[in-house]
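In our numbering, the protein residues as written are 1 to 502.
It should be emphasised that the hints constitute simulated quantities derived from the structure, not laboratory data.
Only a predicted model underlies this, so the values are computations on that prediction, with no experimental measurement involved.
Hints are not guaranteed to be accurate.
Unchecked claim - Under the rule of at most 30 Å between Cα atoms (straight-line distance), these lysine-lysine pairs were calculated in the DSBU-like manner:
hint	residue 1	residue 2
1	Lys114	Lys47
2	Lys260	Lys303
3	Lys152	Lys242
4	Lys288	Lys466
5	Lys242	Lys313
6	Lys382	Lys364
Claimed, not checked - Here are the simulated distance ranges between beta carbons:
hint	residue 1	residue 2	range
7	Arg416	Lys288	44 to 54 Å
8	Thr54	Arg463	37 to 47 Å
9	Arg416	Gln357	11 to 21 Å
10	Thr219	Asn387	26 to 36 Å
11	Thr472	Asp98	19 to 29 Å
12	Asn461	Asp359	45 to 55 Å
13	Arg304	Thr472	34 to 44 Å
14	Glu433	Gln383	15 to 25 Å
15	Thr441	Cys366	36 to 46 Å
16	Asp359	Asn401	11 to 21 Å
17	Pro25	Ala56	29 to 39 Å
Here a beta-carbon is modelled for each residue, glycine too, at the ideal position from N, C-alpha and C.
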Amino acid sequence: MARYKYYSYEQGVMIPVNFSTQILPGTIEHTINWMVDNRIDLSGLSKKYRNDFTGAPAYDPAILLKIVLLAYSRGIVSSRMIMKACHENIIFRALSADSMPDFTTIASFIRDMKDDVKTIFTNVLLVCNEMNLLGGTEFALDGCKMSSNAAKENSGTFSDLKKKKEKLESTVDFLLKKQIENDTDDFHAKENNTVNIEQRVERLVKKADRIKMFLEEQTPKLKTRSGESQSNITDNESAKMKTSHGVIQGYNGLALVDAKHQVIVNAEAFGSGQEHDLLIPMIEGAKKNSKAIGLGSDYYKGKRIIADTGSFKEENLEYLSSEEIDAYIPDQQFRKRDPRFLTMNRHKNHVDKPYTQDDFIYDKACDRFTCPAGKILKYSVKQKLANTEGRRYISSRSNCNECTLRNKCLRSDKTRYRTLYVVEKYFDRNYSEEMKSKIDTIEGREIYSRRMGIVEPVFGNIRSCKNLNRFTLRTKSKVNIQWILYTVIHNIEKISRYGTTV
Numbered sequence: 001m002a003r004y005k006y007y008s009y010e011q012g013v014m015i016p017v018n019f020s021t022q023i024l025p026g027t028i029e030h031t032i033n034w035m036v037d038n039r040i041d042l043s044g045l046s047k048k049y050r051n052d053f054t055g056a057p058a059y060d061p062a063i064l065l066k067i068v069l070l071a072y073s074r075g076i077v078s079s080r081m082i083m084k085a086c087h088e089n090i091i092f093r094a095l096s097a098d099s100m101p102d103f104t105t106i107a108s109f110i111r112d113m114k115d116d117v118k119t120i121f122t123n124v125l126l127v128c129n130e131m132n133l134l135g136g137t138e139f140a141l142d143g144c145k146m147s148s149n150a151a152k153e154n155s156g157t158f159s160d161l162k163k164k165k166e167k168l169e170s171t172v173d174f175l176l177k178k179q180i181e182n183d184t185d186d187f188h189a190k191e192n193n194t195v196n197i198e199q200r201v202e203r204l205v206k207k208a209d210r211i212k213m214f215l216e217e218q219t220p221k222l223k224t225r226s227g228e229s230q231s232n233i234t235d236n237e238s239a240k241m242k243t244s245h246g247v248i249q250g251y252n253g254l255a256l257v258d259a260k261h262q263v264i265v266n267a268e269a270f271g272s273g274q275e276h277d278l279l280i281p282m283i284e285g286a287k288k289n290s291k292a293i294g295l296g297s298d299y300y301k302g303k304r305i306i307a308d309t310g311s312f313k314e315e316n317l318e319y320l321s322s323e324e325i326d327a328y329i330p331d332q333q334f335r336k337r338d339p340r341f342l343t344m345n346r347h348k349n350h351v352d353k354p355y356t357q358d359d360f361i362y363d364k365a366c367d368r369f370t371c372p373a374g375k376i377l378k379y380s381v382k383q384k385l386a387n388t389e390g391r392r393y394i395s396s397r398s399n400c401n402e403c404t405l406r407n408k409c410l411r412s413d414k415t416r417y418r419t420l421y422v423v424e425k426y427f428d429r430n431y432s433e434e435m436k437s438k439i440d441t442i443e444g445r446e447i448y449s450r451r452m453g454i455v456e457p458v459f460g461n462i463r464s465c466k467n468l469n470r471f472t473l474r475t476k477s478k479v480n481i482q483w484i485l486y487t488v489i490h491n492i493e494k495i496s497r498y499g500t501t502v
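I would like the entire structure built from these sequences, with the hints used as guidance.
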């Protein structure tokens, strides 16, 4: 008969644990412990406590910050899971000195950090600079779009939300009528149906009242050009964004990254999927950070900043030029001009391309264009657009409505007729054309190709290694806290790997 080693669940064992010896030098927890104790200013967090003479003792904010940063470094996002780790994981117990805060305490601590998280970020960035982790010559800017704690089904324009409320109310009326009809059924069927209907009615009434309250308290969100942007009744500061995985309701976490060791020099979350209006706030924020750590607000003058096509905008390029920043930002058509991609259409499914201005024939004598369908576009008006001046030509609505080539010519079914804008001259400098010429050079294409190697690994680390696949908080201020804390632990990892700590 087989023999097994003896074991008994009745036996006990006493294991002496010294918390200080559990935090080994060279580990991320050791760096977090050293940074919080020696280099991070927590005076702002300490001022929030008012229990000097009355009230229960509070958890030290240094302990709570250590717990949160260690949890984020290990991909633990939920405050409940952080609490569980403080009970079960010896490293968490050692770093927190056996403190076991409740998940509500952890969640409240994160939500209430607000401006203090920016101080923590600059404190860590200062250490990165002191340890020579910043190259200070080349930077890359990009955004990472992630879902927030709000469902996109709760989004819509005010008219859409009103229709949704009316539909819910009509459904409630239908269910109440059905409940009255069920009163004639037998007792058991009536009892079961009544309970189910009452529960459904209660849920629908709550949804309708929630939409009604939102419509009364909020105002429609306007687009930058025209029309109305969609609001969200759960988190109205979030936005619908197009990603490679479909449309999400969330925030766009932006980061400006130094090329040397991929240290993040500025980070902020925005409730906007479009990045053309976010470049200037990010650069201004980076200038404030550089000034805070003693590098001066002119630190980025003469430096190189690389951004994606989403930041290509005349105002952005003019701003970068005024700041004397060597920018490399391509337009959306730059790959079509790249000689390395001349044969790329051979490997694509051949689909009819929409008509461009080159497909229209110009009659100089009559000053008009003829479209591919043989219709005439007449001169309409002389127009100024951005920093250009040109002539506008339009077709008649009747011609376009009856045209068989409409789908190839017009942008959408809502477009009424085709127009052409012919640029005659540019005013002052044309920063867009200058940037196109700059990017189209061999050197420009080579420099822009570095962007992915600088900034994309940062997002890969935060999303894959740190498990931040979605923001768990609501409103921009709270989401921004979570995003900056993740960038802080990213920078602390760089200190742990490349820097020197005591």
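Hints numbered earlier in the text: which of these fail when held up against the supplied structure? As far as the earlier hints go, not one is violated by this structure.
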